[in-house]
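*Asks:* Sequence:
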Amino acid sequence: MKILAEILVSLKGEKAAVITQTEEETQTLQESIKKNSYGLENCQIIPLSLAKGLEFDHVILYPFENDGDEQRRRRQMYTAISRGMKSIVVLERAT
1 MKILAEILVS
11 LKGEKAAVIT
21 QTEEETQTLQ
31 ESIKKNSYGL
41 ENCQIIPLSL
51 AKGLEFDHVI
61 LYPFENDGDE
71 QRRRRQMYTA
81 ISRGMKSIVV
91 LERAT
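Reminder that position 74 of the sequence shown reads as 74 in full-length UniProt numbering, one-by-one numbering, no gaps.
To be clear, the hints were calculated from the coordinates, so they are not data collected in a lab.
Keep in mind that the hints are not guaranteed to be accurate.
[Unchecked claim] Below, computed lysine-lysine pairings styled on DSS-like, alpha-carbon distance capped at 25 Å:
hint	residue 1	residue 2
1	34	15
2	52	15
3	35	52
4	35	86
5	12	34
[Said to hold, decoys possible] Beta-carbon label-pair distances, calculated as ranges:
hint	residue 1	residue 2	range
6	13	35	15 to 25 Å
7	9	72	17 to 27 Å
8	35	68	27 to 37 Å
9	12	70	19 to 29 Å
10	24	69	26 to 36 Å
11	13	54	35 to 45 Å
12	68	15	31 to 41 Å
13	10	68	17 to 27 Å
14	67	13	34 to 44 Å
Note that beta-carbon positions come from the ideal geometry of N, C-alpha and C, so glycine has one too.
With the hints as constraints, model all of the structure from the sequences given.
*Replies:* Below is the structure:
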């Protein structure tokens, strides 16, 4: 969460999105950010299903779970990555 907050602060007001794989992850992340008082003036947190057709200066990909369907995961990653116009940040879960 701290890394995500640092990234958002570094964007200095440019249009950004954190794209999650599911609506549940979106809701959990929104609650966590609200609880920790991180500023979201320039950022939307949205699930992949709502990101189609949208464009942002910067896109941050919240860690996507691998459900075993590699083709599906590739399509999801392509959709998410292609939303960013200036930069893409891909976050991964620590193992």
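*Asks:* For every hint, state whether the structure bears it out.
*Replies:* Evaluated hints:
no.: 1; hint: 34 <-> 15; in the structure: 19 Å, holds
no.: 2; hint: 52 <-> 15; in the structure: 16 Å, holds
no.: 3; hint: 35 <-> 52; in the structure: 28 Å, violated
no.: 4; hint: 35 <-> 86; in the structure: 29 Å, violated
no.: 5; hint: 12 <-> 34; in the structure: 19 Å, holds
no.: 6; hint: 13 <-> 35: 15 to 25 Å; in the structure: 23 Å, holds
no.: 7; hint: 9 <-> 72: 17 to 27 Å; in the structure: 33 Å, violated
no.: 8; hint: 35 <-> 68: 27 to 37 Å; in the structure: 33 Å, holds
no.: 9; hint: 12 <-> 70: 19 to 29 Å; in the structure: 37 Å, violated
no.: 10; hint: 24 <-> 69: 26 to 36 Å; in the structure: 19 Å, violated
no.: 11; hint: 13 <-> 54: 35 to 45 Å; in the structure: 18 Å, violated
no.: 12; hint: 68 <-> 15: 31 to 41 Å; in the structure: 34 Å, holds
no.: 13; hint: 10 <-> 68: 17 to 27 Å; in the structure: 35 Å, violated
no.: 14; hint: 67 <-> 13: 34 to 44 Å; in the structure: 36 Å, holds
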